[in-house]
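Participant: The primary structure of each chain is shown beneath.
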Amino acid sequence: MITVIAIVTDGLVYAAWLFVVAIGLTLIFGVMKILNVAHGAFYAFGAYAAATAIGLYFDRGWPVVGGYLAIATAAIAIGLLMGYILERVFLRRVYGKDEVVVVLITYALFLILEDVLILIWGTDGRSAYQPYTEAGSFTVGGLPLSVYDIGLVGFAALLAIAASYTIKKTTFGRLLTAVIYDRETAAAFGVDVSRVYTVTFLVGAVLGALGGALTAPKISVTPGLGVEVIVLAFAVVAIGGMGSMEGALVGALIVGLFRAGAVHLIPQLELFSIYAVMALVLVFRPQGLFSRAQPRKI
Amino acid sequence: MTGLRILLGAAILGGLGAAAPFTPLWLISLVTLAMSTGLVVCGLIILWRGGLVPFGQALFFATGAYTVALSGRWFGVTDAFLLIALAVTMAALVAFVVGFLLAQYREIFFAMLSLALSMILYGVLVKSETLGSTDGINVAQASFFGMKPRGPGYTFALFWLALGMVFSAWLGVSAYLGSVAGQLAGAIRDNEIRVEYLGISVTRLVHLKLTISAALAGAGGALAALSISHVDPQMAYWTTSGGFVFVTILAGAASVPAAFLGALLFEIVRTIAVALLPGGWQLILGSVLLLTILFVPEGLGSLMIRKRATAPEKGAA
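First to last, the protein sequences are chains U and X.
For the first sequence, position 273 (counting from the first letter as 1) is numbered 273 according to the numbering used here, and the numbering increases by one without interruption.
For the second sequence, position 282 (counting from the first letter as 1) is numbered 1282 according to the numbering used here, and the numbering increases by one without interruption.
Derived by calculation from the structure, the hints in this document are not laboratory data.
Since this is a predicted model, take the numbers as computed values, not measurements.
Every residue, glycine too, gets a C-beta built ideally from N, C-alpha and C.
Warning: the hint list may mix true and false statements.
FRET-style restraints, in silico, Cβ to Cβ [what the hints assert, rightly or not]:
1) U:D124 - X:S1128: 25 to 35 Å
2) X:V1274 - U:T73: 48 to 58 Å
3) X:D1135 - U:S220: 45 to 55 Å
4) U:M1 - X:L1277: 36 to 46 Å
5) X:T1134 - U:T185: 16 to 26 Å
6) U:H264 - X:D1135: 22 to 32 Å
7) X:A1085 - U:I2: 15 to 25 Å
8) X:L1007 - U:K97: 33 to 43 Å
9) U:H264 - X:P1149: 22 to 32 Å
10) X:F1096 - U:K97: 27 to 37 Å
11) X:F1081 - U:H264: 43 to 53 Å
12) U:D98 - X:L1101: 15 to 25 Å
13) X:S1128 - U:H264: 18 to 28 Å
A few chain X residues facing chain U, derived, Cβ under 7 Å [said to hold, decoys possible]:
14) V1053
15) L1082
16) Y1105
17) A1116
18) G1123
19) V1124
20) S1174
21) A1275
22) G1279
23) G1280
Hey, can you work out the whole structure from these sequences and the hints?
Facilitator: Here's what the structure looks like:
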């Protein structure tokens, strides 16, 4: 019984983290048709920026609550900065090109940014555990639960609701939906597609950085942490259906629970389980669980 | 391909082989490694022409490499030719099996699914003690028809073997690209449904292309394993696949020799980058890739072809 509870709680925490990372990726893909490998770099930069901010903040002994604000500010700032530069300088030139070519551009950017990260922050690991430990923990049925982890799940849930509300109820969300369904028709009706692209990319970048920033207190922040994340986020997005928000949520839950299950029951199969699930889903639903089938072009 | 070009190719490769004893050993090792990458890229070209970009070709590369390592360790096979034949067969077999699934997908889904499959292998390799886990396994020195060259002789022998593989791959792949099945690749890329209206099964064709490309990747993996004398799970990681795609972009899918030149350029850039900026080779690699895509989107090989195309007509090329 305790194993089941452990799997569910671990799975939920893991899924929450995956969701925050994957929703940015799927948003950018859905709107811009760009599979953004550089999302891993947003994540890594977010984690480093947060670690630095936490270090600076907690060294001064200021109240703990502000520390969480510092994390968010750092992530948003770095996400906006990187997103703006990448979109304006590089991606702008390749809109409308082959999807695969654009993937390679973002792959190149990812390679470059990985080293820029090392140039800025060095190769030594950083720890920024204070927000995690300060939040405290309690036990339920003999199982320790961290308040920070619960907060993470709560944040992911809020994010899901906010995303759903924005897309369904606000003007920008409706414009977004129009662009997702048919870019050209939307442009013909006067939607400023270029602006929608910029905003989408910035939001996606901030979400990626936030994902990293929220993880920073739980791990030792070391170079190369973006690589693993990007492949995992791809798996989540592919399972859910590329470009689908509900898909990202369901995909994150599936991957999170499967991984937690594997970790507790058969630890050798941890990585294997994630990709096996992905392959299995794709066998039956090539477009993922929540994606529309594309019409064939004759 | 004309007899003259084959002769020319054979002469160039023969010249390289003859020059080997007068070349520093590190350079020979570097070129051998570049040729193993070139073999994989040859396979990528076959898929690339059909509009398919595999982000998981490392699956077959690692299959080939591990086949060599494990055949040596478990069954005591040391003959280099036999090892390579085994590696090619295993990689092709894996591709044939996963091909039933993979050949149904196109574009980004093909890329993602092949990535997932390679990451499954990576996951298995990392966690499995019998397969060497994260440390990998050492590969015993191979023999060549009973001869066991050691020291510099071994490096030369591998280099000559690599030259032979490159020559066969060049002939084979060029022949395939010129055949009806190979020529259909462009048509598949442009419009698959029209190809099906011609009465051709695109799925089967893609399956075949995948198997051929996997055989080449297996050969490349085998050569790399013999040349490095070590295999590790990194060979199945997605960054390895990314490297192959990188070289394909750099070289372009236009011709087979371009693939090998691209692979050589890649190894040289990497070696220089590591030497000059130990912490910054990804930065240099990424910049080269970015500049190539932005300014020479058809690859460096296309520069040669474009030049030839604009030159005055001298009969059929």
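Participant: Run every hint past the structure and note whether it holds.
Facilitator: Verification of the hints:
1. Under the hint 25 to 35 Å, the C-beta atoms of D124 of chain U and S1128 of chain X, about 32 Å apart, fit the expected range.
2. Range check, V1274 of chain X to T73 of chain U: about 37 Å between beta-carbon atoms, so the 48 to 58 Å window is missed.
3. At about 22 Å, the beta-carbon gap between D1135 of chain X and S220 of chain U misses the expected band of 45 to 55 Å.
4. As the Cβ distance of M1 of chain U to L1277 of chain X is approximately 55 Å, the hint placing it in 36 to 46 Å is violated.
5. In this structure, T1134 of chain X and T185 of chain U break the distance hint of 16 to 26 Å, their C-beta atoms being roughly 51 Å apart.
6. Separated by about 26 Å at the C-beta atoms, H264 of chain U and D1135 of chain X satisfy the suggested range of 22 to 32 Å.
7. In this structure the supplied range 15 to 25 Å is violated for A1085 of chain X paired with I2 of chain U, their Cβ-Cβ distance being about 53 Å.
8. Between L1007 of chain X and K97 of chain U the beta carbon distance is about 40 Å. The supplied range of 33 to 43 Å therefore holds.
9. Separation of H264 of chain U from P1149 of chain X is about 52 Å and departs from the stated range, judged on CB atoms against 22 to 32 Å.
10. Taking 27 to 37 Å as the suggested C-beta distance range, the pair F1096 of chain X and K97 of chain U conforms, at roughly 33 Å.
11. For F1081 of chain X and H264 of chain U, the Cβ-Cβ distance of about 47 Å falls inside the hinted range of 43 to 53 Å, so the restraint holds.
12. The hinted range of 15 to 25 Å is satisfied by D98 of chain U and L1101 of chain X, whose Cβ atoms lie roughly 24 Å apart.
13. Between S1128 of chain X and H264 of chain U the CB atoms are about 20 Å apart, so this pair conforms to the stated range of 18 to 28 Å.
14. Evaluation of the V1053 of chain X hint against chain U yields a held restraint, the C-beta minimum of about 5 Å falling below 7 Å.
15. Contact between L1082 of chain X and chain U, as hinted, is not supported at the beta carbon level, the nearest pair being about 31 Å apart and thus beyond 7 Å.
16. At about 6 Å, the closest approach between the beta carbon of Y1105 of chain X and any beta carbon in chain U falls short of 7 Å, and the interface hint on this residue holds.
17. Nearest Cβ of chain U to the Cβ of A1116 of chain X: about 5 Å, under the 7 Å cut. The hint holds.
18. With 7 Å as the threshold, the beta carbon of G1123 of chain X comes within range of chain U, its nearest partner Cβ sitting at about 3 Å, so the hint holds.
19. For V1124 of chain X, the shortest C-beta to C-beta distance to chain U is roughly 6 Å, which falls under 7 Å, so the interface hint holds.
20. Given hint, S1174 of chain X at the interface with chain U, is violated; its Cβ is 24 Å from that chain's nearest Cβ, farther than 7 Å.
21. Nearest Cβ of chain U to the Cβ of A1275 of chain X: about 15 Å, over the 7 Å cut. The hint is violated.
22. Hint on G1279 of chain X holds. Least Cβ distance to chain U is approximately 5 Å, under the 7 Å limit.
23. A cut of 7 Å between beta carbons decides the hint on G1280 of chain X: the least distance to chain U is about 5 Å, and the hint holds.
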